[in-house]
Amino acid sequence: EEAKNVLLTLVKEIQEIAVLASSFLPLTSEKILAQFAGPKVFSTTPLFPRTPES
Numbered sequence: 103e104e105a106k107n108v109l110l111t112l113v114k115e116i117q118e119i120a121v122l123a124s125s126f127l128p129l130t131s132e133k134i135l136a137q138f139a140g141p142k143v144f145s146t147t148p149l150f151p152r153t154p155e156s
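103 is the number of the first residue of the sequence shown in this note's numbering; add one for each residue after it.
Some hints here could point you the wrong way.
Unchecked claim - Estimated spans, in silico, between C-beta atoms of each pair:
id : residue 1 : residue 2 : range
1  : E155      : N107      : 18 to 26 Å
2  : P151      : N107      : 29 to 37 Å
3  : V121      : S145      : 16 to 24 Å
4  : T153      : L110      : 32 to 40 Å
5  : E104      : P128      : 29 to 37 Å
6  : T153      : K133      : 14 to 22 Å
7  : L112      : P148      : 14 to 22 Å
To be verified - Listed below are the simulated DSSO-like cross-link pairs for lysine-lysine, each with C-alpha atoms no more than 30 Å apart in a straight line:
id : residue 1 : residue 2
8  : K133      : K106
9  : K142      : K114
10 : K114      : K133
11 : K106      : K142
If you are wondering where the hints come from, they were derived from the structure by calculation, not from laboratory data.
Ideal placement from N, C-alpha and C gives every residue a C-beta, glycine not left out.
Go ahead and model the full structure; you've got the sequences and the hints to work with.
This is how it looks when you write it as structure tokens:
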């Protein structure tokens with residue numbers, strides 16, 4: 103039960119950060135909110151592409 107409450111709090115905080123970031127990262131913010139919108143968190147493509155190592 104405690105772990106469930108901790109995870110729920112973290113999801114709410116991530117959603118709040120996404121809302122606050124929407125003015126300068128609108129597409130990323132939408133992706134974050136979509137990932138955490140439903141009853142289950144799902145995996146998708148990375149938010150930011152990996153940069154090639156030189």
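Hint check results:
1. E155 - N107: 18 to 26 Å: violated (40 Å)
2. P151 - N107: 29 to 37 Å: Hint holds: Cβ distance 34 Å, inside 29 to 37 Å.
3. V121 - S145: 16 to 24 Å: holds (22 Å)
4. T153 - L110: 32 to 40 Å: holds (33 Å)
5. E104 - P128: 29 to 37 Å: Holds: the Cβ-Cβ distance is about 35 Å, inside 29 to 37 Å.
6. T153 - K133: 14 to 22 Å: holds (18 Å)
7. L112 - P148: 14 to 22 Å: holds (19 Å)
8. K133 - K106: holds (23 Å)
9. K142 - K114: Roughly 13 Å between the alpha carbons, so the hint for K142 and K114 holds.
10. K114 - K133: holds (15 Å)
11. K106 - K142: holds (13 Å)
Comparing the model with each numbered hint stated earlier shows that hint 1 is the single one that does not hold.
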